[in-house]
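Following the hints, complete the assembly by docking chain B onto the known chain A.
Protein sequence lines correspond, in order, to chains A and B.
All the letters of the first sequence, read from the start, carry residue numbers 1 to 213 under the numbering used here.
All the letters of the second sequence, read from the start, carry residue numbers 214 to 572 under the numbering used here.
No lab work stands behind these hints: they were computed from the structure.
There could be a bad hint or two in this list.
[Unchecked claim] Listed below are the simulated EDC-like cross-link pairs for lysine to aspartate or glutamate, each with C-alpha atoms no more than 16 Å apart in a straight line:
1. A:K28 with A:E8
2. A:K185 with A:E202
3. B:K382 with A:D70
4. A:K185 with B:D485
5. B:K216 with B:E276
6. A:K206 with A:D195
7. B:K494 with B:E468
8. B:K397 with B:D329
9. B:K309 with A:D129
10. A:K46 with A:E4
11. B:K258 with B:D312
12. B:K382 with A:D18
13. A:K206 with A:D194
14. B:K382 with A:D20
15. A:K16 with A:E59
[To be verified] Partial selection, computed: residues in chain A whose CB lies under 8 Å from chain B:
16. F61
17. L62
18. P63
19. L66
20. G102
21. H105
22. D106
23. I107
24. S110
25. T154
26. I182
27. L183
Ideal Cβ positions, reconstructed from N, Cα and C, are used throughout, including at glycine.
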Amino acid sequence: MKEEELLENLKNAIFKGDPDKAIDLVNKSIKMGINVKEILNRAILKGAEEAGNLYEEGEYFLPDLLMTGDAITVTTERLKNSLNKKSELESKGTILIGTVEGDIHDIGKSLVVSLLQGQGFDVVDLGSDVPPEEFLRKAKEISPILIGLSGLMTMSISKMVETVNLLKNENIASRIIIGGGILSKESCEMIGADDFAKDGWEGVKKINNLIRI
Amino acid sequence: MVKDWVASVNRIFRTISGSKRVDKVPFLAFAGEQIICRITGKTVKELYNSPKVYANAIINTFEYLNADSINVPSAYAGPSEALAFAEANNKLDAIKWFDYQPLMCKQGAICKSEEDIEKLEIPDHSKNNLWNTSLQAAKIINDKTKFPQVISLSIWSVVQELRGIEAYKDMRRNPDLLLKLCEKIFESQMDIYENWLEIVGMPPNVFIAGYSFNRHMMSFQDSMRYEGQFIKRMMNKIKVPFMLHNCGTSPYFTEVVKEINFIAVNGSHPLDIEFWIDFKKKNPKIAIIGANIDVSREMLTGTPSDVEKKVKENILHLAPGGRYICCPVCSLPWGVPITNILAIPKAIEKYGYYPININ
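Chain A extracted, bound-state conformation (with noise of 0.2 Å):
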């Protein structure tokens, strides 16, 4: 198999999100010495690409993109292990993010966790139920470029007050993207966040946007 017949179909397996497939297909990549920046941006980010776009058409829904992003999860981290240097494959920055106290919901903070990694961004999930306490202590070990606050329950958005005043007060110069089905301009306003989203994927696309600001 050529080069570019190797990376459309690891590609297709991303997109249509097939971890054993997608990741005997990197195999091969590596075996037959495609350099890794090319396996990444030339095949796993444009079949997570082309994922997202399906999902903005209404072809592909939430276990589309899941299964996509299980894929880009094997892929990534067989790629990183196959580095003799990490700088070989450079991250974007740091992500904090996490699903605020009182909440243990995060079908979608995982989405973005594993859409956000094959992107080429460090994740760092602190879990469910997290403390604004402990958004702090880790936002000052780690200065991540952003921290995202997930929640589901209207009941969340005391907390994401209550943590991002937390945030600011500390002075963590962070973005701050809060994210949940229930948000508004106008609850995000008041909560003090960069911005808000309404569902994983739109998540994805507004954290990328921010960081670019």
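Just chain B now, kept in the frame of chain A:
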């Protein structure tokens, strides 16, 4: 002034059924444990410890809010059902308790593996303390207020609690396994219904928390496969009208009412009033509960005057002809000012009497 619950019962149920004998637009409030704790000063565990204490706290809260509705928030096929499954399967570590908000289940902790689904025991709700307390509280409320308690059932809400994110992946890699889980949840929901019949009596309606009917989560075909077909089976067994709730951002209301015969719908989206005007035009026999009074906008960050404007807009567009119940679109969050909640019944007093004549 003593609350006239009989008037509220007539207002709510006549509106749902489309009767013309309604004096004014009813006010329904989704006041969960948070609001009940906030108004009564009790912790969740204090409420759950005694059906009498719980029922009185609920009655006091809904009367204080001047609502036309009243319900037991924990008698709901979400976290409480996850607790029943956790208890029946010795996985209580999946449950997290809070002081002033309902318990939660770590999504996916109860059915982590395929084997967990195969071996999943269906709970006996008569042996579960929280369900017993909740149903007895519902019975007390029935007796005291004469407001017949509506039962809330669900399939997908429980799937999410038990299987978490893996359920969505199962749709693509192992749909038969997912259907097996749905089937077990269906059986469990029927057990809730049997217990309800025995303790509370026949419900006037079933309120389906149909979380699958949301474009962001799955295709409409999948929502019918993993929830819709089970709702149809529930309808065959429980011969009362069904209502549908969905709090997703892109609900399939237009599609689902063509497939399943619902008497009312309630959703937190769309927030565009035009959608609801069009929905009412196309579905004149389906009552609308809520429309677009948003819990994260005017209710949370606005003033009583903002809320009044929104109630006025909703009444103007949706109340003429009946079958409209005024209601914030979802569960009231902790931080919402009480004055904003009270602004709803006040605005209804001003604008909501039939025949509607806003000017």
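query: Is the straight-line distance between the alpha-carbon of K382 of chain B and that of D70 of chain A 16 Å or less?
result: holds (9 Å)
- request: Quickly compare the C-alpha distance for K397 of chain B and D329 of chain B to 16 Å and report which way the hint goes.
  value: Measuring from Cα to Cα gives roughly 12 Å; hence the hint holds.
Cut-off 8 Å, beta-carbon criterion: hint that F61 of chain A touches chain B: Holds: closest Cβ of chain B sits about 5 Å from F61 of chain A, inside 8 Å.
task: Assess, step by step, whether the Cα of K46 of chain A is no farther than 16 Å from the Cα of E4 of chain A, and give holds or violated.
output: Holds, at roughly 13 Å.
message: Given the hinted pair K16 of chain A and E59 of chain A, is their Cα-Cα distance within 16 Å?
response: Holds. K16 of chain A to E59 of chain A sits at ~12 Å (cutoff 16 Å).
- prompt: Quick one, are K216 of chain B and E276 of chain B close enough, alpha carbons at most 16 Å?
  reply: This hinted pair holds, its Cα atoms lying about 7 Å apart.
query: Holds or violated: I182 of chain A as interface residue toward chain B, Cβ cutoff 8 Å?
result: holds (5 Å)
field: Straight-line alpha-carbon gap K382 of chain B to D18 of chain A, limit 16 Å
entry: Holds: K382 of chain B and D18 of chain A sit about 11 Å apart, inside 16 Å.
message: With the threshold set at 16 Å, check whether the alpha-carbon distance from K494 of chain B to E468 of chain B stays at or below it.
response: Judged against 16 Å, a Cα distance of about 15 Å means the pair holds.
field: Restraint satisfaction for S110 of chain A [CB to CB of chain B, less than 8 Å]
entry: holds (5 Å)
- prompt: Should the hint that L183 of chain A touches chain B count as held when the rule is a Cβ pair under 8 Å?
  reply: Since chain B brings a Cβ to about 6 Å from L183 of chain A, closer than 8 Å, the hint holds.
- prompt: If you take the shortest Cβ to Cβ gap from I107 of chain A to chain B, is it below 8 Å?
  reply: holds (5 Å)
Going down the numbered hints, you'll see the structure goes against none, and every one checks out.
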